[in-house]
Amino acid sequence: MSGKKLTDVGNRILIPKKAAMKLAENNRAYFRCQFDSNIQEGYNIMSLDNINHPDLGRPFNEQEKQTLLRALCSFIDKAIALPITEVEKRYGRPHDDKMDFTKDIDGDGEKVQIKHYAIGKGKLSKITRIHGFFNSQDVFVISRIDWNHRFHQKQTKT
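Under the working numbering, think of the first position of the sequence shown as 1, with each following residue one higher.
Worth flagging that the hints you see were computed from the coordinates, not collected in a lab.
Mixed in with the good hints there might be a few duds.
To be verified - Pair by pair, the computed Cβ-Cβ distance ranges are:
id	residue 1	residue 2	range
1	Glu110	Asn61	35 to 45 Å
2	Gly42	Gly92	18 to 28 Å
3	Arg58	Arg32	30 to 40 Å
What the hints assert, rightly or not - Using 16 Å as the maximum straight-line C-alpha spacing, the simulated EDC-like pairs for lysine to aspartate or glutamate come out as follows:
id	residue 1	residue 2
4	Lys111	Asp138
5	Lys126	Asp146
6	Lys123	Asp55
7	Lys111	Asp100
8	Lys65	Asp49
9	Lys123	Asp146
10	Lys126	Glu64
11	Lys65	Asp146
12	Lys123	Glu64
13	Lys126	Asp55
The beta-carbon is built from N, C-alpha and C at its ideal position, and this holds for glycine as well.
The whole structure should be built from the sequences, with the hints applied where relevant.
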């Protein structure tokens, strides 16, 4: 496949030209992020003070909070040095949740897919997720920080 453009490949696998162009751009575009002015209540940085430890059922102690905040900062530092496609591979979920959408109210109001990124691989940071969407300028808009994301784990347990 060497020498072929991603847009050519997109045409060959029958995805719309606009989506193929976006894929080609994302392959080169570096990850940029910002916090949503409408971040969901209870899912911001300070919500860490109100979350219980996932295994111990008590509030996080100061050392655990610092570990999680450092993991969030480390994720941002690493992600902004990578193309969007690499961030997807390293931190994203293998499949998007087909029911998880929002509207880009600061953009054109278009319905956009919510993306979920794990912020780390440590014991606590691997269950922390940031949720957001890519706006029309390809900036990832963080709409919530879920410090104790266990939704899919609970769903799969029998």
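Here is how each hint holds up against the structure:
The beta-carbon spacing between Glu110 and Asn61, approximately 42 Å, falls within the hinted interval of 35 to 45 Å. Checking the proposed 18 to 28 Å range against Gly42 and Gly92 shows it holds: the Cβ atoms sit about 23 Å from each other. The hint said 30 to 40 Å for the Cβ distance between Arg58 and Arg32, and at roughly 37 Å that hint holds. Restraint check: the Cα-Cα separation between Lys111 and Asp138 comes to about 14 Å, which is no more than 16 Å; the hinted pair holds.
Using a Cα cut-off of 16 Å, the hinted pair Lys126 and Asp146 holds, with the two alpha carbons roughly 11 Å apart. Taking the CA atoms of Lys123 and Asp55, the gap is about 10 Å. The hint holds against a cut of 16 Å. Restraint check for Lys111 and Asp100: the C-alpha separation of about 10 Å stays at or below 16 Å, so the hint holds. For the hint linking Lys65 to Asp49, the alpha-carbon distance of about 8 Å falls within 16 Å, and the restraint holds.
Note on Lys123 and Asp146: the hinted pairing holds, with a Cα-Cα distance of about 15 Å set against a maximum of 16 Å. About 13 Å separates the Cα atoms of Lys126 and Glu64, which keeps this hinted pair within 16 Å; it holds. Note on Lys65 and Asp146: the hinted pairing holds, with a Cα-Cα distance of about 13 Å set against a maximum of 16 Å. Using a Cα cut-off of 16 Å, the hinted pair Lys123 and Glu64 holds, with the two alpha carbons roughly 10 Å apart.
Only pairs whose Cα atoms come within 16 Å are accepted, and Lys126 paired with Asp55 is accepted, the gap being roughly 13 Å.
No hint from the list above goes unmet by this structure.
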